[in-house]
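Trainee: The primary structure of each chain is shown beneath.
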Amino acid sequence: DQQVKQNSPSLSVQEGRISILNCDYTNSMFDYFLWYKKYPAEGPTFLISISSIKDKNEDGRFTVFLNKSAKHLSLHIVPSQPGDSAVYFCAASGGTYKYIFGTGTRLKVLA
Amino acid sequence: NAGVTQTPKFQVLKTGQSMTLQCAQDMNHEYMSWYRQDPGMGLRLIHYSVGAGITDQGEVPNGYNVSRSTTEDFPLRLLSAAPSQTSVYFCASSRTATNTGELFFGEGSRLTVL
Numbered sequence: 054d055q056q057v058k059q060n061s062p063s064l065s066v067q068e069g070r071i072s073i074l075n076c077d078y079t080n081s082m083f084d085y086f087l088w089y090k091k092y093p094a095e096g097p098t099f100l101i102s103i104s105s106i107k108d109k110n111e112d113g114r115f116t117v118f119l120n121k122s123a124k125h126l127s128l129h130i131v132p133s134q135p136g137d138s139a140v141y142f143c144a145a146s147g148g149t150y151k152y153i154f155g156t157g158t159r160l161k162v163l164a
Numbered sequence: 272n273a274g275v276t277q278t279p280k281f282q283v284l285k286t287g288q289s290m291t292l293q294c295a296q297d298m299n300h301e302y303m304s305w306y307r308q309d310p311g312m313g314l315r316l317i318h319y320s321v322g323a324g325i326t327d328q329g330e331v332p333n334g335y336n337v338s339r340s341t342t343e344d345f346p347l348r349l350l351s352a353a354p355s356q357t358s359v360y361f362c363a364s365s366r367t368a369t370n371t372g373e374l375f376f377g378e379g380s381r382l383t384v385l
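Residue numbers (our numbering), protein chains in the order written: chain A, 54 to 164; chain B, 272 to 385.
Incorrect hints may have been included.
[Claimed, not checked] With beta-carbon atoms standing in for the labels, derived distance ranges:
(1) B:Thr286 <-> A:Ser127: 40 to 50 Å
(2) B:Ala323 <-> A:Lys58: 33 to 43 Å
(3) A:Asp108 <-> B:Arg366: 34 to 44 Å
(4) B:Gln288 <-> A:Asp108: 29 to 39 Å
(5) A:Thr149 <-> B:Thr341: 21 to 31 Å
(6) A:Pro132 <-> B:Thr341: 29 to 39 Å
(7) A:Asn60 <-> B:Pro279: 29 to 39 Å
(8) A:Arg70 <-> B:Ser351: 47 to 57 Å
(9) A:Leu163 <-> B:Ser338: 44 to 54 Å
(10) B:Lys280 <-> A:Pro62: 19 to 29 Å
(11) A:Gln134 <-> B:Lys280: 20 to 30 Å
Calculated from the structure, these hints are not laboratory results. Keep in mind that this is a model prediction, so the values were computed, not measured. Every residue, glycine too, gets a C-beta built ideally from N, C-alpha and C.
Use the sequences and the hints to build the structure in full.
Mentor: Right, here's the structure in full:
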């Protein structure tokens with residue numbers, strides 16, 4: 054049973070446009086959410102997080118939105134750059150000491 | 272800044288062999304964990320630890336053992352390797368065990384079981 058779902062395996066976006074990556078979760082105990090970026094042959098690196106007491110968090114070109122009623126979060130990247138091409142994972146925690154990750158979305162930013 | 276260090280980076284085993292993947296962090300983090308990454312499956316939690324002497328199971332613990340005798344080290348043991356354990360393994364740590372902080376990942380260990 055996948056508690057954190059990323060239903061889009063891949064996404065292609067033109068350079069300079071907005072990239073929107075989506076994530077859904079099923080466990081209502083989750084109260085902290087994170088986004089990670091992963092390049093090939095490297096470990097995932099932290100991008101941005103959001104607590105369930107907020108509905109939006111911004112850090113430069115990256116914004117995460119949380120809709121608790123829909124159990125949905127999204128990551129917006131504006132403007133997208135070729136260096137943003139990577140696999141993006143969302144993760145959730147809460148209720149236990151476990152961070153649960155989604156299956157990832159491969160983003161390709163076209164120059 | 273070493274951060275989270277994993278060794279070895281690559282390993283090939285035969286079915287039935289045993290081995291230990293090493294993980295060390297120099298950030299005095301309370302929380303440490305092991306994940307495996309497989310195509311189409313994302314990152315799946317194997318085991319985790321909230322402090323020295325305390326470990327617990329994650330989503331896919333079968334076939335793996337862990338121990339946490341020190342704050343710095345969290346080795347992952349495969350007692351009898353199987354082809355299904357072919358994967359890329361990541362160790363990750365976090366400053367606190369309250370699940371409100373970011374995880375820091377190592378660079379990964381690629382394991383092939385023949």
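Trainee: A separate judgement is required for each hint: does it hold in the structure or not?
Mentor: Okay, the hints, checked on the actual structure:
1. Here the CB-CB span from threonine 286 of chain B to serine 127 of chain A is close to 43 Å, well matched to the stated 40 to 50 Å.
2. At about 34 Å, the CB distance of alanine 323 of chain B to lysine 58 of chain A agrees with the hint of 33 to 43 Å.
3. With their beta carbons about 25 Å apart, aspartate 108 of chain A and arginine 366 of chain B fall outside the hinted range of 34 to 44 Å.
4. Hint check: glutamine 288 of chain B to aspartate 108 of chain A, Cβ distance near 50 Å, so the stated range 29 to 39 Å is violated.
5. Roughly 24 Å separates the CB atoms of threonine 149 of chain A and threonine 341 of chain B, a value that falls within the hinted 21 to 31 Å.
6. The hinted window of 29 to 39 Å between proline 132 of chain A and threonine 341 of chain B is violated, with their beta carbons roughly 45 Å apart.
7. Distance hint check for asparagine 60 of chain A and proline 279 of chain B: the Cβ-Cβ separation is about 35 Å, which falls inside the suggested range of 29 to 39 Å.
8. Checked against the hint of 47 to 57 Å, the pair arginine 70 of chain A and serine 351 of chain B passes, with Cβ atoms roughly 50 Å apart.
9. Our hint of 44 to 54 Å for leucine 163 of chain A and serine 338 of chain B holds, since their Cβ atoms are close to 47 Å apart.
10. With their beta carbons about 27 Å apart, lysine 280 of chain B and proline 62 of chain A fall inside the hinted range of 19 to 29 Å.
11. For glutamine 134 of chain A and lysine 280 of chain B, the hinted distance range of 20 to 30 Å is satisfied, since their beta carbons lie about 29 Å from each other.
The structure shown violates the earlier hints numbered 3, 4, 6.
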